Amino acid sequence: KAGVTQTPRYLIKTRGQQVTLSCSPISGHRSVSWYQQTPGQGLQFLFEYFSETQRNKGNFPGRFSGRQFSNSRSEMNVSTLELGDSALYLCASSLNGAGGWGYGYTFGSGTRLTVV
Amino acid sequence: SQQGEEDPQALSIQEGENATMNCSYKTSINNLQWYRQNSGRGLVHLILIRSNEREKHSGRLRVTLDTSKKSSSLLITASRAADTASYFCATRETSGSRLTFGEGTQLTVNP
Chain A
1 KAGVTQTPRY LIKTRGQQVT LSCSPISGHR SVSWYQQTPG QGLQFLFEYF
51 SETQRNKGNF PGRFSGRQFS NSRSEMNVST LELGDSALYL CASSLNGAGG
101 WGYGYTFGSG TRLTVV
Chain B
1 SQQGEEDPQA LSIQEGENAT MNCSYKTSIN NLQWYRQNSG RGLVHLILIR
51 SNEREKHSGR LRVTLDTSKK SSSLLITASR AADTASYFCA TRETSGSRLT
101 FGEGTQLTVN P
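Keeping their order, the protein sequence lines are chains A and B.
Residue numbers for the first sequence follow the working numbering, so the first one is 1 and each next one is one higher.
Residue numbers for the second sequence follow the working numbering, so the first one is 1 and each next one is one higher.
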């Protein structure tokens, strides 16, 4: 079956602009989580959506938001971009978001965002 | 914030040798997972160990978990050049579904 698809792969934006990233999870998976990866802070949890509801949220400002559609596809939006938002944004898909007792998360290849 | 610390931060070995990476964490966990990342790409799930398990094997991978010391180790046996990557441990806490990642170990396997 197809893996987790993130689009676009690369993005360059200017400070102050806004950006929308997309994630299509594995078919049948209802949970989508988003992570930000930077050299300085490592992998940081942004939020998790399950059945169109935000179930968990990390410590990021309100400029970071997301949503999930009825087909489980998810988008995250960052408004008023800052230089520090430059990062690799990764999306992870799982059946129920719990990781289960025997299942890990399946990650997409990420979207590399550069803010100039 | 990072849940745990991994050591070493970097490890360089020769093909055929074993590689051991360690991970420590701070809170009570439901499970601990190890992931591999090749050069800025997505993370690949390697193995998951539950909080009530002490050791798990998968192919050339062996993971141990010591919940009393809040630590885990990942052993890769008979390493190959293709194992060159960054390795991350991630914990899922007893409440909630988020994963909290360690800082990662950069493994280089020289042919």
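Hints listed in this document are in silico derivations from the structure and should not be mistaken for laboratory results.
In this text the structure is predicted, and so the values were computed from the model without any measurement.
Any given hint could be a false lead.
Stated by the list, open to error - A few chain B residues that face chain A, going by a derived Cβ cut-off under 10 angstroms, partial list only:
{"no.": "1", "residue": "ASN18"}
{"no.": "2", "residue": "GLY40"}
{"no.": "3", "residue": "ILE47"}
Note that CB positions come from ideal geometry on N, CA and C, so glycine has one too.
Each hint, compared with the structure:
| no. | hint | verdict |
| --- | --- | --- |
| 1 | ASN18 | violated (23 angstroms) |
| 2 | GLY40 | holds (6 angstroms) |
| 3 | ILE47 | holds (8 angstroms) |
In this structure, the one hint that does not hold is number 1.
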